[in-house]
Amino acid sequence: MNTAVFTPAGGLYPLLGSLLFCAGTMLGIPHGLTKRSGDAKRTELWRVAHLSTCVGGTSLIALSVALERLFGADATYTLAPFSAAAYCFFIACTLSGCLNKAWDDDRTQTSVALVYRLQFLASVLSVVAVGAFLFTFVLKVVS
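For the sequence shown, this note's numbering begins at 3 and goes up steadily by one.
The set of hints was computed from the structure by calculation and includes no laboratory data. Please note: incorrect hints may appear among the correct ones.
[Unchecked claim] The calculated label-pair distances, taken between Cβ atoms and stated as ranges, are:
no., residue 1, residue 2, range
1, Thr-60, Val-132, 13 to 23 Å
2, Val-144, Lys-37, 46 to 56 Å
3, Leu-136, Thr-60, 15 to 25 Å
4, Gly-74, Phe-122, 27 to 37 Å
5, Gly-34, Ala-115, 23 to 33 Å
6, Gly-74, Ser-113, 40 to 50 Å
7, Gly-40, Phe-139, 44 to 54 Å
8, Val-129, Asp-108, 19 to 29 Å
9, Phe-122, Ala-42, 23 to 33 Å
10, Val-129, Leu-53, 20 to 30 Å
Think of the CB as a built atom: it goes at the ideal place given N, C-alpha and C, for glycine as much as any other residue.
Generate the whole structure from the sequences, applying the supplied hints.
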């Protein structure tokens, strides 16, 4: 891989992906610490936060490199909502671990409702990103 991808001239999205991957790696610390406590729910919440954030960062790096080569500047239409979705998932999962509340707990609690809304927003942004990808792909094929 070309290391120039991670410079400011290489683009914003690989940088955002790298930051997200690093944040996910750091979430492994509370995940490891909760394993010792014996609280299975909290350990699972931190595990999801740790692994999903690492996968989101890696996906953002890979997609940004691939889509920028395929679509050029039009890749932003897909990468912007995908990046926002990845960061929404990161915030929701981190809050979930900190608060020991999952999105499917009692949603009348404010903290659970916040985690649920962030997860929902991230899902909507993911669907928007897929729609933007399909739209951009169809325009590229037609023209």
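A quick look at each hint next to the structure:
1. Thr-60 with Val-132: 13 to 23 Å: holds, 18 Å
2. Val-144 with Lys-37: 46 to 56 Å: About 52 Å separates the Cβ atoms of Val-144 and Lys-37, which means 46 to 56 Å holds.
3. Leu-136 with Thr-60: 15 to 25 Å: holds, 22 Å
4. Gly-74 with Phe-122: 27 to 37 Å: holds, 32 Å
5. Gly-34 with Ala-115: 23 to 33 Å: With Cβ atoms ~29 Å apart, the hint holds.
6. Gly-74 with Ser-113: 40 to 50 Å: 42 Å Cβ-Cβ, so the 40 to 50 Å window holds.
7. Gly-40 with Phe-139: 44 to 54 Å: holds, 49 Å
8. Val-129 with Asp-108: 19 to 29 Å: Since Val-129 and Asp-108 have Cβ atoms about 27 Å apart, the given range 19 to 29 Å holds.
9. Phe-122 with Ala-42: 23 to 33 Å: At roughly 25 Å between Cβ atoms, Ala-42 and Phe-122 fall inside 23 to 33 Å, so the hint holds.
10. Val-129 with Leu-53: 20 to 30 Å: holds, 22 Å
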